[in-house]
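A.B. asks: Spelled out, the chains give:
Protein chains: 2
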Amino acid sequence: MIALSQMGLNAREAAYRLGTVSTDQKNAFLFRLAELLEEQIPAILKANAADIEDAQGVLSPAMIDRLTLTDGRIRAIAQDVRNVAGLPDPVGEVFDEFENPAGLHVYKKRVPIGVAAVIYESRPNVTIDSACLMIKSGNAAILRGGKEAIRTNLALLAPVTAALRAADLPQEAIQFVDSPDRVLMSKLLQMDDWIDLLIPRGGAGLHEFCRKNSRIPVITGGIGICHLFVDQSADLEKSLPVIRNAKVQRPTVCNAMETLLVHRAVATEFLPKVCAALSPEGVAFKADERAFAILSAADLPGVRVEEAIEGDFDTEWLALILGLRVVDDLSQAIAHIRAHGTLHSDGILTEDQENAKRFVSAVNSACVYVNASTRFTDGAQLGLGAEIAVSTQPLHARGPMALRELTTYQWVIQGDYHSRV
Amino acid sequence: MIALSQMGLNAREAAYRLGTVSTDQKNAFLFRLAELLEEQIPAILKANAADIEDAQGVLSPAMIDRLTLTDGRIRAIAQDVRNVAGLPDPVGEVFDEFENPAGLHVYKKRVPIGVAAVIYESRPNVTIDSACLMIKSGNAAILRGGKEAIRTNLALLAPVTAALRAADLPQEAIQFVDSPDRVLMSKLLQMDDWIDLLIPRGGAGLHEFCRKNSRIPVITGGIGICHLFVDQSADLEKSLPVIRNAKVQRPTVCNAMETLLVHRAVATEFLPKVCAALSPEGVAFKADERAFAILSAADLPGVRVEEAIEGDFDTEWLALILGLRVVDDLSQAIAHIRAHGTLHSDGILTEDQENAKRFVSAVNSACVYVNASTRFTDGAQLGLGAEIAVSTQPLHARGPMALRELTTYQWVIQGDYHSRV
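Chains A and B, in that order, give the protein sequences. The numbering of the first sequence is the numbering used here, which starts it at 113 and goes up by one. The numbering of the second sequence is the numbering used here, which starts it at 113 and goes up by one.
Mixed in with the good hints, there may be bad ones.
Note: identical chains are not told apart, hence a pair may lie in one copy or across any two.
As the list claims (entries may be wrong) - Straight-line distance between alpha carbons at most 25 Å, and here's what the computed BS3-like set of lysine-lysine pairs gives:
#, residue 1, residue 2
1, Lys220, Lys469
2, Lys469, Lys221
3, Lys350, Lys469
4, Lys324, Lys299
5, Lys158, Lys220
6, Lys385, Lys350
7, Lys299, Lys259
8, Lys299, Lys385
9, Lys221, Lys324
Treat the hints as calculated values from the structure; they're not laboratory data.
Based on the sequences and whatever the hints tell you, model everything.
C.D. replies: Rendered as structure tokens:
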């Protein structure tokens, strides 16, 4: 492998060229990549099988599942690549145009950020996702995948490099750190001279490590202790499927709900219904004192409910476990979310427009919902067409990040030989 | 002084309250602050005199000049405060509104960033600038001024605190680290749990220190090796005053020009004119080989020109020194700016629209000019009404940052009990 600093230099050079290439040229890369991925399915599956074999008994079944590719999965990835080709190119977009007091014509123009590093674990699809979104947004990238997926990632990288070449784009636009050495990762985090943006994709540990050790600005996110609050005025019948969706549809992801807050005025009626509906799906419950009392008094055969202990409401379960808490009113719901939330996705179920407004104004999460499941926090679901990360930090971009969020802007100022007075 | 961690907690609490206060309440603070500043002019001048006395013989005359307040200067600061009250409040602004494929009503809403830290040197007006812009944009701030201005800063902080109280805003919205202990500064840079954004205002050394030592995202900027390129097609007569303005009007600031690039086709005619025009203003010249040969051949009594040496084109002079270089063409001009610029402000003087377009497309500086002085890179000059910093880094905001750049956004998603399919 070439030295990291050389990779940084190469990436900067590639980014400079990428900044001015046409949309057509970037799309040519994407279409060619999709073709090559489909052509090389046998080679990719072979490499993946070798990674999976090594992982048996070492990684958890969930991790092995994330690592596993199939013919269908690779075809779906190729289709995602074609979808990115169909998305509008943000680079060059002009906005905030005005004439300033001195008569200058001023506007902002979207430009690529430059060089990004993506550090990720297990899921090899991130290799292709990142390559596509970075190239389409005009950025170069250095990728660092986990060692458990190293053969798969290299097999996926081959068509990326070939497609860059075919589209007459610099091969160094997408580079891969193919050594599992963790010292290299630490070194990468110090390369702020060459890398403008760091995107970790993985668990809380990886995010924390990057935030504490990186000189490069980090997009932290992906940690979701998400809440729904059932207001007194909520349509309880309509609320139930939303709650089920938020908890059960895919419990292992960051936008799944971890805690349900219920207004005390409807708690006695509603909490047993929630448990009766979610229990057959395999959900177990951690209830606060009041919720536990209500559920204990109800006759709920087969429902697994225990009293919540210290820390339960601060845990991202990523599993079929749901925290339940009875709150006195909207203010207490907001206070709970403020104390225990992660600024990811939180919602209110209500028929009261004033309460919806107060909730939206007081809850400072990246995504705030009124009468919808938190599961919509996703670039494709919301309508951005793609997603590189979900940001829960306040700077640059919040929530789902797609192509536009991988750009910045520059000011263009046009005059007629203007001097400042 | 209270412990830094307590200041962080207080700031977070204050920011939470500030996020939801009305524009009127924030403006009430600003108007009261302007009044109090004018009322307390004698006390502020007294404190300032004490700081200046201590600085005699210790600081350079330029630094003492930056430190010095006068009756007129304080009245001007008070007027600036009233101007901020007149600017639109960015908080709550709705943008990027759409209906997503699932039928959800989706929009972004501008919200404050949270808590900012401002670290600055000498200039005490930053205390008031920061307080105004932070409060108007709904953010809490922790300020850390230099020890040379400590009495002045505390005298300026008294009316800030009183005005916050008068407007029924939390006093902890603006806190000041009143100890010169540098260990505290290092500690402040680690407080990423409480502080969302760090804005250094000072020289290159301060920016570098913050970038290398901060866990908080840093807005770096303010370092300007700015260029103007005189294209072959430029109207040379009209170009001359723009060049003078960019170099001479205020040479000590970051948006002043450091290097003039001249197309070889017009160099022999134009370079002597540049030197003849700027020399009486006290400008000395560092010329590359070709420029030096041209100027040596011309008869230019009293003009101070010497051959540029290694590193000259990489120096931010902040003084009446101008680098001169003859370039073969637009491409060489762009390559020079890429090699020696700081991504701050660079411009082309040209009558050729194609060349203007190529320059704007290839030069990736925060501000790119066509036929105008680089001195317009300033919030007030461009028309933003104010300025907290000039960012030359790619994330979050670039170029002059004012109120809107001190906000972020959140997604609001409204449904009718929608679940994800």
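A.B. asks: Compare the structure with each hint and give your call.
C.D. replies: Against the structure, the hints come out as follows:
Taking the shortest Cα distances, lysine 220 and lysine 469 sit within 25 Å of each other only across copies (14 Å), while inside one copy they are farther apart (32 Å). Proximity of lysine 469 and lysine 221 under a CA criterion of 25 Å is satisfied inter-copy only: 12 Å between copies versus 34 Å inside one chain copy. Only within a single protomer do lysine 350 and lysine 469 lie at most 25 Å apart by alpha-carbon distance; the minimum there is 20 Å, versus 56 Å between protomers. Taking the shortest alpha-carbon separations for lysine 324 and lysine 299, both the intra-copy value of 13 Å and the inter-copy value of 14 Å come in at or below 25 Å.
For the identical chains of this complex, lysine 158 and lysine 220 are neighbours neither inside a copy (48 Å) nor across copies (45 Å), given an alpha-carbon limit of 25 Å. Proximity of lysine 385 to lysine 350 under the C-alpha cut-off of 25 Å is restricted to the intra-copy arrangement: shortest distance 12 Å within a copy versus 79 Å between copies. In this assembly of identical chains, the alpha carbons of lysine 299 and lysine 259 lie at most 25 Å apart only when taken from the same copy (17 Å versus 36 Å across copies). Proximity of lysine 299 to lysine 385 under the C-alpha cut-off of 25 Å is found in neither arrangement, the shortest distances being 53 Å within a copy and 51 Å between copies.
Proximity of lysine 221 and lysine 324 under a CA criterion of 25 Å is satisfied in neither setting, with 33 Å inside one chain copy and 29 Å between copies.
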